[in-house]
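Colleague: Sequence:
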Amino acid sequence: MFESIAVSVLNSVLGKYIKDLDSTNLRLGILKGRAVLTDLELRDDALDGFHLPVEVICGYVGKISLLIPWANPFSEPYEITVHDVYLIAGPVRDRKYDPERAKASEVEAKRKRLAQIVKRMHPTEASKTEG
1 MFESIAVSVL NSVLGKYIKD LDSTNLRLGI LKGRAVLTDL ELRDDALDGF
51 HLPVEVICGY VGKISLLIPW ANPFSEPYEI TVHDVYLIAG PVRDRKYDPE
101 RAKASEVEAK RKRLAQIVKR MHPTEASKTE G
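Residue numbers (the working numbering): 1 to 131.
Calculated from the structure, these hints are not laboratory results. Any given hint might turn out to be false.
[Said to hold, decoys possible] Below, simulated DSBU-like cross-link-like pairs (lysine-lysine); rule was C-alpha separation at most 30 Å, straight line:
| # | residue 1 | residue 2 |
| --- | --- | --- |
| 1 | K112 | K63 |
| 2 | K103 | K16 |
| 3 | K16 | K63 |
| 4 | K63 | K32 |
| 5 | K110 | K63 |
| 6 | K16 | K112 |
| 7 | K32 | K19 |
| 8 | K16 | K32 |
| 9 | K19 | K112 |
| 10 | K63 | K19 |
| 11 | K110 | K32 |
| 12 | K110 | K16 |
| 13 | K103 | K119 |
| 14 | K32 | K103 |
| 15 | K19 | K103 |
From just these sequences and the hints, can you work out the full model?
Modeller: What follows is the structure, given as structure tokens:
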């Protein structure tokens, strides 16, 4: 039961990057707050969200380890470690590189990062400006 819930949550977070994520790739130590995913294949469209002029030809992640602080899940940091990432990427074959789109994507990423920093520094003010 815990495995199916964990796979569902991990799939919602990692599913846009990892192909065919299921319980065969997962080892859980729920009481210790540990989860380990092994032998993962990257999706062909894993880099699409970054609007780069490259696409994944072949990609592999050897292991993703998660340490979840069950004692204080909202105040303690989560530890995520990624091991053995191999990626072969090539130029995108079906779309041309658009420098304006790339610049807009870069600006949007900077805005998101800035919003995250503001939210951490001033949690009450950030929630006022978002709503």
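Colleague: Of the hints given before, which are not true for this structure?
Modeller: Numbers 11 and 14, in rising order.
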